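Asks: Read off the chains here:
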Amino acid sequence: MATEKVSSESIQAKHDLASSVSWSWILQRFTGILLLVFLGGHLWVEHFMNTSVHVVTSRLRNGIFVVLDAGLLITVVYHGLNGLHGILQETWAVARSWWFRYLVWALGLVTMCWGMDILWAFLYRRPFLVIG
Amino acid sequence: MHHQRTRGHTAFIAHRISGLLILGYLYLHLILLSAILLPNGTTHFNAVAAVVERPVFIVGDVVLFGIILIHGLNGIRLVVADFGGLIRTSRLGIWLTMVTVAVLLGIGLLVLLPDIVR
Numbered sequence: 001m002a003t004e005k006v007s008s009e010s011i012q013a014k015h016d017l018a019s020s021v022s023w024s025w026i027l028q029r030f031t032g033i034l035l036l037v038f039l040g041g042h043l044w045v046e047h048f049m050n051t052s053v054h055v056v057t058s059r060l061r062n063g064i065f066v067v068l069d070a071g072l073l074i075t076v077v078y079h080g081l082n083g084l085h086g087i088l089q090e091t092w093a094v095a096r097s098w099w100f101r102y103l104v105w106a107l108g109l110v111t112m113c114w115g116m117d118i119l120w121a122f123l124y125r126r127p128f129l130v131i132g
Numbered sequence: 133m134h135h136q137r138t139r140g141h142t143a144f145i146a147h148r149i150s151g152l153l154i155l156g157y158l159y160l161h162l163i164l165l166s167a168i169l170l171p172n173g174t175t176h177f178n179a180v181a182a183v184v185e186r187p188v189f190i191v192g193d194v195v196l197f198g199i200i201l202i203h204g205l206n207g208i209r210l211v212v213a214d215f216g217g218l219i220r221t222s223r224l225g226i227w228l229t230m231v232t233v234a235v236l237l238g239i240g241l242l243v244l245l246p247d248i249v250r
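One line per chain: the protein sequences are A and B, in this order. Just so you know, we're using the working numbering here: the first sequence kicks off at 1 and counts up by one. Just so you know, we're using the working numbering here: the second sequence kicks off at 133 and counts up by one.
The set of hints was computed from the structure by calculation and includes no laboratory data. These numbers were taken from a predicted model, which means no experiment stands behind them. Glycine included, each C-beta is placed from N, C-alpha and C at the ideal position. Do not take every clue at face value.
[Unchecked claim] Covered stretches of chain A, going by a simulated chain B footprint (3 or more residues, C-beta under 8 Å):
1. 26 to 34
2. 88 to 102
3. 105 to 117
Make a model of the complete structure from these sequences and hints.
Replies: Take a look at the structure:
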């Protein structure tokens with residue numbers, strides 16, 4: 001009896017797993033693993049190699065740190081907003097509308113451009129898009 | 133989706149809450165860094181940096197580090213469970229995650245303590 005119940009449960013679980021595999025599911029795991037490297041590196045650099053504000057700002061004029069931070073920005077925005085999209089879809093019917101994903105993508109692209117402009121401003125001492 | 137009130141369910145809730153908090157922090161981080169976008173950006177950025185170097189904000193850094201550890205290490209547990217085909221939540225995995233969070237958070241606290249108590 002007990003073994004029968006377990007096996008039917010595991011078949012159901014396998015079915016759920018297979019039907020839930022999508023590009024966003026795969027990319028969520030892929031960006032999650034990338035973030036361990038990017039965010040781990042970011043925290044290490046900012047706290048163990050950081051001595052002053054001057055050092056942080058001069059480090060952000062170095063191309064390699066800008067590339068690493070741009071990589072972190074893209075992965076964290078995708079991972080964070082994809083995660084938020086998933087939570088909203090489970091709890092709010094509007095988030096399941098066909099157009100909602102485009103809204104999340106628009107927010108993500110705006111956030112990425114915003115972050116890129118900050119990195120540009122550190123690199124060239126003035127923003128690409130001047131807001132102030 | 134049906135979730136039983138188990139350790140796995142608590143980890144599921146913790147993963148969502150920590151994820152939302154980190155996403156909120158991302159936007160706070162971008163807002164503070166946006167000081168560099170203002171005219172004479174470096175001056176404004178230095179002013180913001182001087183504020184967030186105060187001990188109370190370093191305590192906030194430790195809390196943030198803890199939240200990141202919970203999300204990141206529980207994320208590793210989930211990926212291992214996904215690719216290892218372990219559908220059922222392993223008690224060992226949960227304990228291993230909690231112990232690693234505690235150890236790394238302790239190390240982080242020791243590293244940042246000189247900036248809090250000074």
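Asks: When the structure is checked against the list of hints, which entries are broken? Sort them ascending.
Replies: Of the numbered hints given earlier, the structure breaks just one, which is hint 2.
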